[in-house]
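Colleague: Here is what each chain is made of, one letter per residue.
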Amino acid sequence: MVMDNRKAATQFATGLLQAMTVLVSLEQRAQSRLRFATGRSDAQSTEARAHTLKGWHGLLAFGLCFVPVLLGFVLPVLLLCRALLESVQSMHVPWVRFMHWSLNSIVLGGVTALLAVGLALWLSSQARFNDTALTRGLLRTVGLGYAVPGAVIVVGLLLPLGWLQSVWPQSGAGYWLTATVLGLVWAYLVRFVAVALQSVGSGYARISFTLDESARLLGVSGWRLVTTVHAPLLRKPVAVALLLVLVDVMKELPATLVLRPFNTDTLAVMAYQLARDERLGEAALPSLALVVAGLLPVILLSRTLGRKK
Amino acid sequence: MRHWSWAIIWGLVSGSAMAQVGVLNLYSARHYPTDEALYSDFSKATGIKINRVDSDDAGILARLKSEGSASPADVILLVDAARLWKGEVDGLFMPVQSKILESAVPAQLRAKPADAGGSAWFGLSTRARVVVYDKLKVARQEVDTYEKLAEPQNKGRLCIRSGSHPYNLSLFGAMTEHLGPAKTELWLKGLVDNMARSPKGGDTDQIKAVASGECAVAVTNTYYLARLMRSSNPAEKAVAERVGVVFPNQSSWGTHINVAGGAVARYSKNTDNALKFLEYLVSPEAQNHFANGNNEWPVVPGLKLDNPALKAMTGGGFKSELIPISAVGMNQIKVQQMLDRVGFN
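Chains A and B, in that order, give the protein sequences.
For the first sequence, the numbering used here begins at 1 and goes up steadily by one.
For the second sequence, the numbering used here begins at 1 and goes up steadily by one.
Treat the hints loosely; a few may be bogus.
To be verified - Cβ-Cβ distance ranges computed for the label pairs, FRET-style:
1) B/Leu322 - A/Gln89: 41 to 47 Å
2) A/Ser208 - B/Lys200: 55 to 61 Å
3) A/Gln89 - B/Asp306: 25 to 31 Å
4) B/Gly343 - A/Gln18: 27 to 33 Å
Worth flagging that the hints you see were computed from the coordinates, not collected in a lab.
Values in this document were obtained by computation on a predicted structure and should not be read as measured data.
Here a beta-carbon is modelled for each residue, glycine too, at the ideal position from N, C-alpha and C.
Bound-form chain A, shown alone:
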């Protein structure tokens, strides 16, 4: 798209999509085979008991694991902090505009998270009630979305849109999809419903079918079953899904750069544009905000895993 060669862009995007589909399918097949092997918890398993390293073994293991974190995260964050400090000292920090970017990021992320989780709940419940090859295939297809690069989604949206606009100019499709948030939220959903589906699907997997059968015996079925029986049990997975989608949308760049409507700059877009214009000091603030936002699910999930042990 940058070299304005739409044919090449379509060819690359299609090839990428095909390659990604094959890889994800292989991964899903491998995962489904692993299910029985890891069905029991760590406390019960006789094979997967943690072995505590002590002395220099422990130090060496810690050091080897810490080096990538140090070089890939700690040092860059420190450099960003230093750049931000220099900007603060020279009074070049755009605080008011930063609040505007943050608000846009949170609103877009929040709206997408609600829609994505809603869709994921609906899809998961339908798959539970109608466990057919069609529903399983649909879930797998939706699940591929996360592996699709944002740029491919943009190509997949803009090229047919351009065609539709040329054959049916009165439709105004171009306007609806790029001048409003519709196109952008659509692109986010293509990518991130998969994230919500992963969390909600895992939550559903822990709800025994006997609960559904008992509820049906008491006259509760369909959507009432979802809202009265499943929903309370899915609170945590839904909360995790909302948070993960929110943060992922805040960090998303390629689709946001091209599809966002007027006056909708986000933290990711501004970090990119400031860095592209070689204003690294000013780029530090939105970049660090995204780092903090990205750490939230990591901290939350670490706590959850820690509690399970």
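Following the hints, put chain B in place on chain A, whose structure we already have.
Modeller: Frame of chain A; chain B shown alone:
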């Protein structure tokens, strides 16, 4: 569908882009915080609210193509001459007639007149592509033309950003026009042979590389050098002080300049406001802003420059090349193919 659903949908589309009195919808590749003053001054003076979306040149053109006649854009601002030409050729701009614009912008810095009259785009500011060098290791006359950068005396000295970056594509497109394709390809090979390191980083990184001693000669835009010279950060000022600057080819065809310009979008619904905005951008106030606020060269001739960095660079003006912008645009694909052949990443 419930009423609240329609309210939400309407809420999603309200505040954007139907034809409205007092509104201007801007697609801009200029994402400089200093331009905020430009937009707010225009809004204060005219009462016209500016809705803006920033992207890069290619993203803007791709978006315009996809939106077609439903595009809400009124004014397009781009920062690369070749992309301005591409937008014109692809029919994305509306040729407009304006005595103010035609008298302010020199003919070589605006689109050629369309058949039905008017010009598709107008240059608003320029940036020169210059050579910076280590004052202690390099003599000025060794690098005072673009051609000399490929000569043996500069072997192992050169730092330059990626050849495929629009600034370099435009420079190499201009060189193709001056030297012809065969000589330009040889020249590009010479540049590759003279590189001190593989192309990486932006223009500011090239200047810093010269100042740190990693290389002795670099190609950069005056915009980035001026920003370092005017920086409040002592370390950045020191970088600028360590390097000398030369405007190449002053004795021949002049220094290459890239043009940042504006156009009225082909399907603009607010053409009067769009024209008002473009005319405002060539006013002395706006041109002063480009020069003094954003370190660009104004297009309007005879404007008094009040930028100490730009003045220090030239000592009072420089000769810029006078080739048509269309030549730069038309040569881009040829240039990219040459870059691939000579291994210039």
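Colleague: Compare the structure with each hint and give your call.
Modeller: Okay, the hints, checked on the actual structure:
no. : hint                            : verdict
1   : B/Leu322 - A/Gln89: 41 to 47 Å  : holds, 45 Å
2   : A/Ser208 - B/Lys200: 55 to 61 Å : holds, 57 Å
3   : A/Gln89 - B/Asp306: 25 to 31 Å  : holds, 27 Å
4   : B/Gly343 - A/Gln18: 27 to 33 Å  : holds, 30 Å
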